[in-house]
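Protein sequences, first through last, are from chains V and C. If you use the working numbering, the first sequence corresponds to residues 207 to 376, in order. If you use the working numbering, the second sequence corresponds to residues 204 to 300, in order.
Keep in mind that a hint or two might mislead.
[Said to hold, decoys possible] Subject to a maximum C-alpha distance of 27 angstroms in a straight line, what follows is the list of computed BS3-like cross-link-like pairs (lysine-lysine):
# : chain 1 : residue 1 : chain 2 : residue 2
1 : C       : Lys229    : V       : Lys346
2 : V       : Lys265    : V       : Lys277
3 : C       : Lys289    : V       : Lys256
4 : C       : Lys251    : V       : Lys259
5 : C       : Lys251    : V       : Lys349
6 : V       : Lys359    : C       : Lys269
Please keep in mind that the hints were generated in silico from the structure rather than gathered at the bench.
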Amino acid sequence: MSEQASAQRDRPGETRRTVIQGALAGGLAGLGLAGTAPLSRARAAADAGKWPKDAFSEKTEAAAINALYGKTAEASDKVSLDAPEIAENGAVVPISVSTTLPDVTSIAIIVSENPFPLAANYQIPAGTSAMVANRLKMAKTSKVIALVQSGGKVFSASKEVKVTVGGCGG
Amino acid sequence: MRAVASGDTTEVQALVQHPMDSGFIKDAKGNLIPPHYIEVMEFQHAGKTVFTAFWGPAVAKDPYVKFSFKGAQKGDDLTISWVDNKGQSDSLAGKIQ
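Okay, chain V solo, but in the shape it has when bound (with noise of 0.2 angstroms):
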């Protein structure tokens, strides 16, 4: 074990879960990667104080919303949202996002019937990609929602997705 392993180890309140590599190698290969690059300890921390509590705390969609942005979303067809027509499983639910819209800075995804509607909401610096891919809880049948941040606006694009068996919490 190196020093810097051993230092990890003894913090206090750390938990030693993985992202995944060779222990769920079965998960990796269901998605279909081959060739996942070895892992290493890092000294990178997280900052949990910049997470947006209220949006992620807020029970509909428009609060949520409002809580993000500050500001309606405005319906437009360059947002691209690509979600099933119907879940037959709601605790795994594939949602990815993309947008042809230029300066995009954040991506979000509410499940409006969910109990807390906001999902998900990622930052997109200067020369990342305006897309996200990423898998979803869904409690039932729901318009999905994406939200795009761009040059100042937001953009939307909804849509129904059917569940069969809801997965509130997987």
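Model the placement of chain C on the given structure of chain V, informed by the hints.
This is chain C only, laid out in the frame that chain V set:
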């Protein structure tokens, strides 16, 4: 994590082992499992944050995310760090392929 450079663009796919408990699901005894989910996950290349995920409890168990960024080369380090709502955290680095 899989990060593959093709030309000037690096595509990153990451899968993290985490329960992402929403706080709305009951255990076998009928007790609610308390919420336990990653709130912030940051990806850094060459000292610069290239992507930040803010997540709520609606992100699926063992979260997966895919994004792309420019400016990295094969062999560069890409660092992932995350912190969850219980204050647990981790940070790992992998090579871009």
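Structure-based check of each hint:
1. Lys229/C - Lys346/V: 17 angstroms, holds
2. Lys265/V - Lys277/V: Satisfied, since the Cα-Cα distance of roughly 17 angstroms is no more than 27 angstroms.
3. Lys289/C - Lys256/V: Holds, at roughly 15 angstroms.
4. Lys251/C - Lys259/V: 24 angstroms, holds
5. Lys251/C - Lys349/V: Violated: Lys251/C and Lys349/V sit about 35 angstroms apart, past 27 angstroms.
6. Lys359/V - Lys269/C: 24 angstroms, holds
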